[in-house]
Every structure is written in structure tokens, then in C-alpha cells.
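> So the sequences go chain by chain: A and B.
Counting along the first sequence from 1, when you hit position 202 you're at 202 in the working numbering, and nothing is skipped either side.
In the working numbering, each residue carries its 1-based index in the second sequence increased by 360.
Hints are computed from structural coordinates only; laboratory data are not their basis.
As the structure is a prediction and not an experimental result, all values here were calculated from the model.
Treat the hints with care, since some could be wrong.
[Claimed, not checked] Cβ-Cβ distance ranges computed for the label pairs, FRET-style:
| id | chain 1 | residue 1 | chain 2 | residue 2 | range |
| --- | --- | --- | --- | --- | --- |
| 1 | B | Val521 | A | Tyr247 | 41 to 51 Å |
| 2 | B | Gln436 | A | Asp193 | 34 to 44 Å |
| 3 | B | Gln436 | A | Gln55 | 31 to 41 Å |
| 4 | A | His187 | B | Ile523 | 28 to 38 Å |
| 5 | B | Leu543 | A | Pro112 | 19 to 29 Å |
| 6 | B | Leu522 | A | Gly2 | 26 to 36 Å |
| 7 | A | Thr217 | B | Arg518 | 35 to 45 Å |
| 8 | B | Val542 | A | Ile297 | 53 to 63 Å |
| 9 | A | Val183 | B | Leu522 | 50 to 60 Å |
| 10 | B | Glu417 | A | Met41 | 28 to 38 Å |
| 11 | B | His519 | A | Leu325 | 49 to 59 Å |
| 12 | B | Val542 | A | Glu321 | 30 to 40 Å |
| 13 | A | Lys232 | B | His519 | 38 to 48 Å |
[Unchecked claim] Computed footprint of chain B on chain A; a stretch qualifies when at least three of its residues, placed anywhere within it, have a C-beta under 8 Å from a C-beta of chain B:
| id | region |
| --- | --- |
| 14 | 46-52 |
| 15 | 204-210 |
| 16 | 337-348 |
Using N, Cα and C, we set each Cβ at its ideal position, and we do this for glycine too.
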Amino acid sequence: MGELRLMKGNEAVAEAAIRAGCDGYFGYPITPQSEVMEYLMAEKPFERTGMVVLQAESEVAAINMLYGGAGTGKMVMTSSSSPGVSLMQEGISYMAGAELPAVIVNIVRGGPGLGTIQPSQADYFQAVKGGGHGDYKMLVLAPASVQEMCDHVKLGFEKAYQYRTPVMILSDGAIGQMMEKVVLFDHVPRRTDEEIVAQCPWASNGRPKTRNHNIITSLDLDPAGQERVNLKLQAKYKLMEKNEVLYEEIQCEDADYLLVAFGLSARICQKAVDLARAKGIKVGLFRPITLFPFPAIEVSNVGNRVKGILVVEMNAGQMIEDVKLSVGCKVKIEHFGRFGGIIPSPDEVVSALEQKIIGG
Amino acid sequence: MTEEIIIAGFGGQGVLSMGKILAYSGVMQNKEVSWMPSYGPEMRGGTANVTVIISDERISSPILNSYDTAIILNQQSMDKFEKTVKPGGLLIYDPNGLTRLPARKDINIYSIEAADEAGKRGLAKIFNMIVLGGFLKLKPLVAPEFIHKGLEKSLPARHHVLIPENEKAIELGKELLKPVNVLN
């Protein structure tokens, strides 16, 4: 078994980056995710593994440092919280267009605007539907525990390189700030320059005489060429939809009603399932772990067996659109949410289920 | 076994670190734990609180609105959390600075004069360990050897010389606990 620690979600992200063999972290402080860079600065991986940790002058600078680093094949990561991730959207779109691998962590806080520093899930649309311009997607992971905050960094880097795509970890202020038990995976050494060249034949990191220049760009002024880029991206997203869906079903086998929730909301709903079952209401929980690709077939399979579905999110109703598209219109589907940094309690979820679905 | 605990007081009283030592001790004893602090405006002065859950099973919601135990160290927290203790549950408070004492009859209530005693003995920095001792006397969730390991893991190495003093404070807390309302 790996090393056992009690850690904050933000600290687990940072430690996982070091252990995954990350080459560089670039970021700018913002509550509630500042512990990611604080932890890295305190741990000084630049003295141990050679990993660069750099506080950029802004989020815009950080995401463009990611573009540059990823373009040379280096394993790079940034983290921020909602307003900072909004600033990064242009860079994320460019990275998707130039097919650059990286891990981007959003520890979501309540919005819009500067909003609040308390947790929220209101950046679902931004993460899943492309917050930047153009037809692009990111693989989006939604951890629900500190353990998953750690594991998703490693998984995120693997998928980023497998598909040459930015990967987003969409978490929230509560999971970033809370401490839980974590089993850390063993250190993976950083790749050598030769290993990077072998893994990333597309990277712009010095041209040997045996090949032409590699060009990292998202610009093609010839529409036919740009359409080919788009078709290639869409084929990649189809492949992700086929192969990368992750989800969890909790007590769904005999369920009359279903809760659908991701991240922190799923943890709250797990308690709500226990409370409802103690009252004799047979409820199950479906938790998407990848938000893109969305577990459409899987939620439809469970959703079409039950009498009603309550989608619980810390936003005004975002993932519910994907649930409705997946399940269709034969089953009643309603939303329950709290916003602006308020976290719903398990009892509130049970009451909402009783009022909106069972009694409604 | 699952124990759901809220610890609440002023920022600077060691509320969060008491929770962390308890949680880390639970980890060392191979329990599942979660530690969910209030963060933001409260911790920048004013009230601070932390929800600690220790369990033999996978923990569902790290955020709750009722608790098995409330450890309350100021008046604002008493006003907010006395009503959130589950019937039959436990409330421990330090009377120092309180203007309204808890009045519920359906829960177990104990007082611990930790602030006063810590002041007299010049132990203000480990006031929180005295309170933790009181809690552990009533709910020995974690064995002393794992508390020792939890202290080792929670405190930076330069403070490890203070571990025996922390352990003494825990023992002192066990002596200072006074019953106020005890259910049959």
C-alpha cells in the first residue's frame, strides 16, 4: 500500500503532481485553491525532482506558460478558482486547438463575477460545454473525495497525453479545503528528454536532421485545412465518449427514485440516500465521475427504471440538461440546487425529493 | 461506529488544530475520517468551526446539520450549535466568557474549565488539548498510542519536544470535566 496521509484536497493535488512526474506548475493565487501553490513552494520539488514551480504574474500568463511548456512535450499543470479560470479560457481554447496535453484544476467558488470564496458547482457549463470559443471539449473529471483529488491528477496526465488534450479537474472549495485520509501513489520519475521525444513526436523541442519542423499552432487560414482540424478533434471526442466514461452507482439496484449528482453534491446525496432509506423510501445515487464524456447511456439505463429523478447541484441547473438529454422525457426529472456558496444539507435533499418528485 | 463532531469557538483558540489532531489520530488507528473547516471570513478573525467525522465505514457527507457531539468554546457557537446536537447526544463547553449556558434536557452536557486552568498554569497554547482530553474521556474513540502518533503527524518536527506537554494537557482535561446534565 502507498503512503497514508491526512491531507487537504488542494494539498493532495499538489503532492500528486510531484509524484506523477510533473515537469512544471504555473499558477496565480486565489482562494479557495491557494494551498496548491503554497504546498508546492513549501515542498520545493525543484530541489528534488527538478519540477518547476512558478507564480505567474496573472492567470492569463499562467495558461500561456502551460501552452509553451506543453508544446515542448513537458508535463504541465495549473490550478485556479472560478474567476481565474474564466481568465484562462482563451488559452484553453488555443490548447485544445493546438492539441496540447495539460491538467487544469478548477476549485470552483460561487459566482458570477468575483462572487464569493465559498464552494459552488456553477462552472459545469464552462468546463463541459467549452468556456472558450470554437468547437472543442476537454476531458473533465469530477472528484468527490480527497483520494480522488490525488488519483485524478495522475489519471488526468495519462489521458491528456493519450488524447493530446487539456484535461480539467472540476472540484470545489469544500473538497479543496477539507482533509481526508489519502493513500498516495508511488513516485513516478520525471521523463528524460529522450523519453519525451519518444512519447511526443509532435512536440517542438529541437529538430533532428531526420524530420521537418514540428509546428504548434491553432491557426490555419485555409478553411479546408481548418475543417480537417475540426474533424480530427471531433473524432477524438467520439473516441473519448466510447472509451473514457467513468461513473459510480450507489444503491441503484432496487431504487424507486434516483438522485444524480457529482463531486461534493454526490457526497451529500449519499447521506441523503441513507436518510431516505431509513424513512422507507428506496433511493439510489448515480454519480458521473467524468462530466465529459458524460455517462449518457449509463444514466439512461438506471434512469428509465425509476419513477423519478432529482438532479442535485450547487448551481441553478446545469448538469440536469445532460441528464434530460440522456434519459429522455418518459421519467420526471427535477432539479434541486443551492447557489452562491451555500452547501445543501442531506435533509434538504430528502425534503426536495419528497416535494418535487414523490409528492409533486 | 460513526461519530459526527462539531468543534466551534474563536479563531486562535486551536479549534481547527484540535480537530486535525483528532482526525489524524483516527487515521493512525485505521479509521475513515473527514475534517471540514469553516474557511474564509470567519477564520480571518471571529468564529471558527470544524466538522470532524470518524467512522469505521466510508464517510458520505462531510457537511452536516446535526451532530453526535458539539464541543463549544464561545457564546456565538453556543447560540448556533446547541440546537444541532442530536437527541441523546453530547455537548461539552468551556464556561469561560459564556453569558448563556446550555439549557437542553434531552442531551448529555458537560462543562470543562479549560481556559481558566490553562491560564493559571501558563498553558494557554495547549488549551485545546485540555478540551480534547475532556472529550476523549467521554468518547474514547481513539486509543492513547494513536493520539501520540496523531500528534507526531500533526505537529511540525520542531514542535515534537512539546508532545509530552500536550499529552499531559489531555490527561488534565479528563480530570477537569464536570457533569451538568446527564441522561440515564
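> Hint by hint, say whether it matches the structure.
Results for each hint:
no.: 1; hint: Val521/B / Tyr247/A: 41 to 51 Å; in the structure: 49 Å, holds
no.: 2; hint: Gln436/B / Asp193/A: 34 to 44 Å; in the structure: 58 Å, violated
no.: 3; hint: Gln436/B / Gln55/A: 31 to 41 Å; in the structure: 36 Å, holds
no.: 4; hint: His187/A / Ile523/B: 28 to 38 Å; in the structure: 29 Å, holds
no.: 5; hint: Leu543/B / Pro112/A: 19 to 29 Å; in the structure: 49 Å, violated
no.: 6; hint: Leu522/B / Gly2/A: 26 to 36 Å; in the structure: 30 Å, holds
no.: 7; hint: Thr217/A / Arg518/B: 35 to 45 Å; in the structure: 51 Å, violated
no.: 8; hint: Val542/B / Ile297/A: 53 to 63 Å; in the structure: 57 Å, holds
no.: 9; hint: Val183/A / Leu522/B: 50 to 60 Å; in the structure: 29 Å, violated
no.: 10; hint: Glu417/B / Met41/A: 28 to 38 Å; in the structure: 36 Å, holds
no.: 11; hint: His519/B / Leu325/A: 49 to 59 Å; in the structure: 55 Å, holds
no.: 12; hint: Val542/B / Glu321/A: 30 to 40 Å; in the structure: 54 Å, violated
no.: 13; hint: Lys232/A / His519/B: 38 to 48 Å; in the structure: 56 Å, violated
no.: 14; hint: 46-52; in the structure: violated (count 0)
no.: 15; hint: 204-210; in the structure: violated (count 0)
no.: 16; hint: 337-348; in the structure: holds (count 4)
Of the hints listed earlier, those the structure fails to meet are numbers 2, 5, 7, 9, 12, 13, 14 and 15, in rising order.
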